[in-house]
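**Student:** Following the hints, complete the assembly by docking chain S onto the known chain L.
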Amino acid sequence: MNKYKKITLDGLFYQNPTFMLVLGTCPTLGLINSAFSSMGMGLTVLVILTLSNIIISALRKLIPNAVRIPCYIVVIATLVTFARMFLEKFVPSLYDGLGGFLALIVVNCIILGRAEAFANKHGVLEAAVDGVANGLGFTVALTLMGIICEFFGKGSLFGLQIMSFKIGMLASPAGAFFVYGICIAVFVYVMDGFERARRVKANKLARENLLKEAA
Amino acid sequence: MTVKQFFKSNIFKCLAALLCVLLVCGVFLTIMNGLLAVSDEEKFQRVLSEIYGKSVTTKKQDVSDKNTNLSSAIINDVYKVEDDGNYIVNASGKNGYGGNVKCWVVILTKPDGKSVGGVGKVTAPIADNPAESFLNKIGASVYDKFAKDYKDGIVYSYGKDENDKEGEMFVKTDASYSMRGICNAVNGTITFMNAFLSGGDIEEEDPYEDFAYHTLINMEDTSWTKNGKEITYNVVTKGNGEAESFKISVTVGEDKKIKTYAITVNGSTFDYDADMNPAIKDGSLFVGKDLEYFKSIIGEDGEKADDPVIATGATKSNSLCFAAGAFAVANYDYIQSLKEFDAYIDVEETSCTVSGTDVIYAITTKGNGEAESFKISVTVGEDKKIKTYAITVNGSTFDYDADMNPAIKDGSLFVGKDLDYFKSIIGADGNVKDNAVIATGATKSNYLCFAAGAFAIANYDYYLNNAEGGAENE
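So the sequence lines, in the order shown, correspond to chains L and S.
Under numbering that gives the first Met the number 0, the letters of the first sequence match residues 0 to 214, in that order.
Under numbering that gives the first Met the number 0, the letters of the second sequence match residues 0 to 473, in that order.
Pulled out of the complex, with its shape left as it was, chain L reads as follows (with noise of 0.2 Å):
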């Protein structure tokens, strides 16, 4: 399979941050009472981790072993800074929903982790199709589970009021962990499913070249 390729699914499908590694859940579990800034931070940090894992691929060579975690550290934190910065100046409004949320961006553990996981050992193009993959899986499962409880909690979807019924408790962080819980199991569910199929093709093909192999 195209490396690539590979990158861009284990981001969004096999090792979906927030699905399959449970990772990032502080911000899942106390944004997704709203759409709009589930979504505002998902994108916030696919745009982060894509950059953080551009310079510190790009820097792999120069950081010493030794002091690489402060480094990361520092360009993470600036970057979060940047993006402070940039969203009070330009998208206020996704600023303010965001909250305090944003500039704990810093301690994320998908940025982190991607970066001593995958960015210090991989070319930049490599590193940067990995921060886009990754940053879109936290993504859409965030704005997902941001929907689901939104639409359910308040009636609503990206504030627009839709329906007057509402379970209260789906727009609080013991709704969210509740729905992060169950979107969990069908997630893994799901991806069981295609791999039970993928092993069961693979080994349907098996059998018949080992079968026409012997013919």
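Hints should not be assumed to be uniformly reliable.
[As the list claims (entries may be wrong)] Straight line, CA to CA, 27 Å or less: simulated DSS-like cross-link-like pairs of lysine-lysine:
(1) L:LYS165 to S:LYS171
(2) S:LYS408 to S:LYS386
(3) S:LYS159 to L:LYS165
To be clear, the hints were calculated from the coordinates, so they are not data collected in a lab.
**Tutor:** Chain S only, in chain L's frame:
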């Protein structure tokens, strides 16, 4: 290691790499801050456009001659909107989650323009309140309630009160303490604007009105400890003109004269320190002085500042030192009569008798969250230790009674304990409520029992003299 070896070593490489990364990041952020920083004017324009949805003309009002530091809020700026005649007030509501909550409040006026006729839009920008972590939980519908619920004389209380209780107006926001700050901002704004529009004074109750000579004293930061018949004050003054706040330690004896006086922080600025009266600076002028002396220098109202003892070239600083001394001697009797650890005690319902050197209390506590009032009988002996302790009415509700610490419930934990023990559990000011001895699942009930014990010991001297059978009543 030689210099050459150092520059070739891994230590140098690590240092250089870290410093380079820091330098580049620092320069980058400095440039970005210059390009992207949001100015106060821009923030104000955003607030205006959020409120009005269009550009409006505003005129800043002069409030320099008004008291802008109210008990509930600090009024930062007042603007008049020329387009509709309303006012926009920037106020910092006290007692939020992480301190003061900065809000913008639109005030509508009555037709005569002499008083507040309503509250318009209220907003608390997250950018202005970084310490209010959950501010984004407060939705527009909650802010709209200020306008909907307004009526003359209203005092908003949507958040939780000081005792964690929900008032009648409480609305669930998931940010109750930030909401308390916002309510304080709106309440303070209404009070201020009523005074501003009518040209009158702000009518606020002075919580310290029972204290004499406190005009120049920062009452929130000033503290005292009673040691038998002596009182030791840690007085913190307010600023006074060029002079900033002084911190002064004063001890007043039974004869209501100053025993010791020491300036611990001298608030003089611009070298005025050098012009202070030396006998004031080292405190020797005050030792042995009583209230009559202070009155002769600073007058009955404490505002006289032309006495040669004070007017030495550092009048403001000298005045503050005199104010601290006058405060200490003038309030001796009042402070001796104040009860300690009484925040959770219903003093009106609490009675006390003296038998020999024992003080026998029948304490009634206030409620505390889910826990209702307890009635507790406590005897404190001459050594200021608890001799007997028995709960006569247990105020626990919802079966919390079962979760109470058994040794608290039967009182055995308290027998033989002195005030230091209570302070080690609930803190010197009684504000620690999560000690493991208390947090057994019935924290509120356990705390009330501790509060009663601390109250009984801390006020032993007072009740020994003043209660039925006590020295003063014999």
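**Student:** Now tell me if each hint is right for this structure.
**Tutor:** Now the hints, each set against the structure:
no.	hint	in the structure
1	L:LYS165 to S:LYS171	holds (15 Å)
2	S:LYS408 to S:LYS386	holds (16 Å)
3	S:LYS159 to L:LYS165	holds (25 Å)
Consistency with the previously given hints is maintained throughout, with no hint failing.
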